[in-house]
Amino acid sequence: MKCRRCKAPAVVALPSHNTGFCPECFLMFFSRQIERTIKSYKLLTPDDRILVAVSGGKDSLALMLELKLLGYNATGLHVDLGIPGSSEQARATVERFCRDRDIELRVVELEHEGLPIPKVKAALTRPICSACGKIKRYYFNKAAIDGGFTVLATGHNLDDEVSRLFANVLRWDTGYLSDQGPLLPAANGFARKIKPLSRVSEFETANYCFLRSIVPHMSACPYSHGASFTAHKALWADLEERMPGQKRSFYEGFLQRGRQAFARLDEEQGTPLNACTSCGYPTSAETCGVCRVRALLG
Amino acid sequence: MVTVRLEPEGEELHLEKATSVMQVLKKLGLKPTQALVIRDQGLLTYDVAVKPGDTLTIRRVTSRG
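Protein sequences appear in the order of chains L and S.
For what it's worth, the numbering used here labels the leading residue of the first sequence as 796, then goes sequentially.
For what it's worth, the numbering used here labels the leading residue of the second sequence as 11, then goes sequentially.
What the hints contain is simulated information worked out from the structure, not anything from laboratory work.
As the structure is a computational prediction, the values presented were derived from the model and not from experiment.
None of the hints are false.
Mimicking SDA-like on lysine to any residue, the simulated pairs with C-alpha atoms at most 25 Å apart in a straight line are:
hint, chain 1, residue 1, chain 2, residue 2
1, S, Lys41, L, Cys798
2, L, Lys797, S, Asp64
3, L, Lys931, L, Ser973
4, L, Lys797, S, Arg49
Isolated chain S, as found in the complex (with noise of 0.2 Å):
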């Protein structure tokens, strides 16, 4: 299970069978370009694997005035 943490809204969700960031995103519905995705201080590109245990911080990237 996958830790996932959005912002700004300070949501904490917990996800299933989600072995890479891209899976993280579209589950989340989120497209690549639309968010930031955090692990342990650092940013992760799409491509990049996932495992369970791990927490993850997303913070959405589009304004909204």
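Excised from the complex, chain L in its bound form (with noise of 0.2 Å):
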């Protein structure tokens, strides 16, 4: 297979973009990729400072160094969970990965919060990820208000927002499928976030995280066994193989046709956000879940 763009020995093959490309090639495609998504959506400009959620998985890293080699004033954000055989590594990893590449990092430590992972599931009948996640958002979207950050980014990629997408409409979830996407504007008591990973897979950020010998943390989480989003992944690996260009297909027209009737029928029959009466984050509900979830554990 030769390269599309110079006809070196490729080195990387996309079938969704029925092509390859040699490592330098591929690295440039890359970057247009995410510059391309920050440009379509009007994710950033100059200006912003940038709050990075870094996990120390590949996708998160992958963001962090690309946004870094285009320019953009960012600094990481890891939130340690406090898992034991688990979290010591992925922090290892960020701390390393950013000492390495002169990257400003700020850390969360659970523990020090009252939440560990491990407590909280302890304290729950239900599985972990929802409270997990929802733990992790709170505490990115304190960190970026409070640090006085312009924006927050992830590194969901294509195909976590394709099997998000995919498990938001098998359970018909209108509230989520009203705002999913590439930009959440800021908007009561919410920082501005963006995931500018949303246009390429995660085949594609582990090729480039092996193009420029990163080293993510790569053990799956120890309480991640049964999780649904697996299961959705598998079934779209099983739909891409057959036709290429579905994910990016199902997504985009899911953004610039779908998109549009959920955020109206949201707007007309979804719940207000108040704040919470205990901390003040934006809620549904009375209490926010995280401060729900502090009361549980007393």
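Quick one: dock chain against chain with the hints and give me the complex.
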């Protein structure tokens, strides 16, 4: 296989683009995909102060590095979940990555906040994933608002967005369907949130990390066994193999033609947000999900 | 025989009768966009031939939380 651009031997084959690239041309392609997403959805300006949620996985590390290489003012935020045998390695990966590339990093320790994930898991009767996600998003938002950042960026890639969209459609969750996308404007106490990797697949970010000599934290979360997103990703992998380009088509079609209808429905029927009576975080209930978890832990 | 090292599991397998990257992936139940295939510190596309004595690293790319 030859590189589409320069005809050198290809090292990355992309069936969804019906093409292959050599190392240099792939890095250029990847960078252009990010720039195109930023421009198409007006995600960033050069004046933005960006807080990047960095878990230590390939996607968030790729995002962090690419934003720096594109010249943006970006700071990393790592939330240490306090999971023994997992969180220490993830945090070490992030700290080493940022130190080696001279990137400012802030760390929130859930142990210090009284919400280490193992303790939360023990107190809940339902799977931990939803609560863990809620807690992480709470602290991402808090760090962005408290730190005066103009935007919060996460490393959600095309595969993440497609499996999430698919899950939201399966449940017909009109609330989530009303605002899923690469950009969530600031509103009601929430920082502006962006997903610059939403056009690139996790295969592409994995190749990017290899070619940029990024060593991500690769172990799965020890609590992720049986999580629905892995089943959804497997279904989509089968479909994408049979019909390359379907993931992008599904996601972009939703953004262009589907989301507005759910946004209108949510405007008519959705529950308005108010400030949590405990902490002031935006919520549709009297107290927010994180404060309810905190109350459960006593 | 081709030696295959799986990441992140850390397992090592030996495959007989594999003459291409695609064949190796198929024997492992993987699609070409589900794993990086690495030989001698370089990436391989699915159409590349493999030969007896080769050692490949197969690095799964699907995030699992």
